[in-house]
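Kindly generate the complete structure, drawing on both the sequences and the hints.
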Amino acid sequence: GPKVLQIPSHQIIDMGQMVTLNCDPVSNHLYFYWYKQILGQQMEFLVNFYNGKVMEKSKLFKDQFSVERPDGSYFTLKIQPTALEDSAVYFCASSLSGGHYAEQFFGPGTRLTVL
Amino acid sequence: DAKTTQPDSMESTEGETVHLPCSHATISGNEYIYWYRQVPLQGPEYVTHGLQQNTTNSMAFLAIASDRKSSTLILPHVSLRDAAVYHCILRVQGGSAKLIFGEGTKLTVSS
Numbered sequence: 090g091p092k093v094l095q096i097p098s099h100q101i102i103d104m105g106q107m108v109t110l111n112c113d114p115v116s117n118h119l120y121f122y123w124y125k126q127i128l129g130q131q132m133e134f135l136v137n138f139y140n141g142k143v144m145e146k147s148k149l150f151k152d153q154f155s156v157e158r159p160d161g162s163y164f165t166l167k168i169q170p171t172a173l174e175d176s177a178v179y180f181c182a183s184s185l186s187g188g189h190y191a192e193q194f195f196g197p198g199t200r201l202t203v204l
Numbered sequence: 004d005a006k007t008t009q010p011d012s013m014e015s016t017e018g019e020t021v022h023l024p025c026s027h028a029t030i031s032g033n034e035y036i037y038w039y040r041q042v043p044l045q046g047p048e049y050v051t052h053g054l055q056q057n058t059t060n061s062m063a064f065l066a067i068a069s070d071r072k073s074s075t076l077i078l079p080h081v082s083l084r085d086a087a088v089y090h091c092i093l094r095v096q097g098g099s100a101k102l103i104f105g106e107g108t109k110l111t112v113s114s
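Taken in order, these protein sequences are the chains called B and Z.
Whatever position you read off the first sequence (first residue = 1), add 89 for our numbering.
Whatever position you read off the second sequence (first residue = 1), add 3 for our numbering.
Because the hints were derived from the structure by calculation, they are not lab data.
One should not assume that every hint holds.
Stated by the list, open to error - Looking from chain Z toward chain B, a few residues come up when the C-beta cut is under 10 Å (computed):
no.: 1; residue: E19
no.: 2; residue: Y37
no.: 3; residue: G46
no.: 4; residue: Y49
no.: 5; residue: H52
no.: 6; residue: Q56
no.: 7; residue: R94
no.: 8; residue: I103
Said to hold, decoys possible - Taking lysine-lysine pairs in the DSS-like style, the calculated list, with each CA pair at most 25 Å apart, reads:
no.: 9; chain 1: B; residue 1: K167; chain 2: B; residue 2: K151
no.: 10; chain 1: B; residue 1: K148; chain 2: Z; residue 2: K6
no.: 11; chain 1: Z; residue 1: K6; chain 2: Z; residue 2: K72
no.: 12; chain 1: Z; residue 1: K109; chain 2: Z; residue 2: K6
no.: 13; chain 1: Z; residue 1: K72; chain 2: Z; residue 2: K109
no.: 14; chain 1: Z; residue 1: K6; chain 2: B; residue 2: K146
Keep in mind that this is a model prediction, so the values were computed, not measured.
Cβ atoms here follow ideal geometry from the backbone N, Cα and C, with glycine treated the same way.
Structure below.
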């Protein structure tokens with residue numbers, strides 16, 4: 090089936106540094122999402138993105154977070170600066186359409202460790 | 004969105020048919036019932052969804068109670084690959100695209 094890729098699979102950085110997580114969504118999909126899952130906890134929605142704009146974001150999507158997809162390339166999540174509580178697995182997802190009926194396809198996640 | 008309640012865990016043996024229950028007593032008429040599953044170290048995967056009628060696809064059968072206050076995901080002839088955490092999620096028609104995950108049911112499959 091359709092695949093979402095995430096690069097890198099694991100990233101270790103020092104607190105205060107900037108990090109960019111990359112997502113290669115399904116090729117014809119138009120809606121993009123980031124979710125965060127702290128080890129042993131529930132997965133939580135961060136943000137969804139369409140047509141170059143943030144459509145919806147949660148309270149977890151702090152001011153230090155930003156997303157973009159320049160010219161149809163990777164969909165990225167940038168954290169600047171990082172904090173210890175940002176350590177988690179970040180999952181990217183994409184869907185062909187938006188709304189409740191859209192099947193979201195998830196990537197394998199990027200494990201971010203902030204030291 | 005209305006809340007769902009699922010058992011924390013269930014155990015099964017390969018080849019069995021597994022029934023995963025989900026309670027959604029306060030479901031609204033415009034809320035769809037979605038099921039996703041997540042295998043360790045992977046992202047969630049869509050399983051199925053329904054509104055009122057039972058639905059079936061290659062992965063599972065979704066049985067929805069006539070009053071819609073509960074549903075059951077039925078996995079026929081489970082294999083080791085079906086071991087995962089199964090999430091029952093309600094989504095409002097015309098509402099947000101975000102998925103709200105709970106704890107889900109951890110299904111263990113033994114050989």
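Interface hint compliance - Z:H52 to chain B, C-beta minimum distance less than 10 Å: Result: holds, 8 Å to nearest chain B Cβ.
Closest C-beta approach of Z:Q56 to chain B relative to 10 Å, hint status: Z:Q56 check fails; min Cβ-Cβ to chain B is 15 Å, beyond 10 Å.
Satisfaction of the Z:R94 interface hint, Cβ to chain B closer than 10 Å: holds, 4 Å
Status of the Z:Y37 interface restraint (C-beta, 10 Å, chain B): With a minimum Cβ separation of about 8 Å from chain B (threshold 10 Å), the hint on Z:Y37 holds.
Holds or violated: Z:K109 to Z:K6, with C-alpha atoms at most 25 Å apart: Between Z:K109 and Z:K6 the Cα gap is close to 18 Å, so the pair holds against 25 Å.
Pair hint outcome, Z:K6 versus B:K146 [Cα-Cα no greater than 25 Å]: The given pair, whose Cα atoms are some 20 Å apart, holds under the 25 Å limit.
Hint consistency between Z:K72 and Z:K109 [alpha-carbon to alpha-carbon, up to 25 Å]: holds, 22 Å
Distance restraint between B:K148 and Z:K6, which requires alpha-carbon spacing of 25 Å or less: holds, 20 Å
Restraint check for Z:K6 with Z:K72, where alpha carbons must lie at most 25 Å apart: Satisfied, since the Cα-Cα distance of roughly 11 Å is no more than 25 Å.
Interface hint compliance - Z:I103 to chain B, C-beta minimum distance less than 10 Å: Interface hint status for Z:I103: holds (7 Å vs cutoff 10 Å).
Closest C-beta approach of Z:E19 to chain B relative to 10 Å, hint status: At about 25 Å, which exceeds the 10 Å cut-off, the nearest Cβ of chain B leaves the hint on Z:E19 violated.
Agreement of hint Z:Y49 with chain B interface, Cβ distance less than 10 Å: OK, holds: Z:Y49 within 10 Å of chain B, min 5 Å.
Comparing the model with each earlier hint shows violations of hints 1, 6; every other hint is respected.
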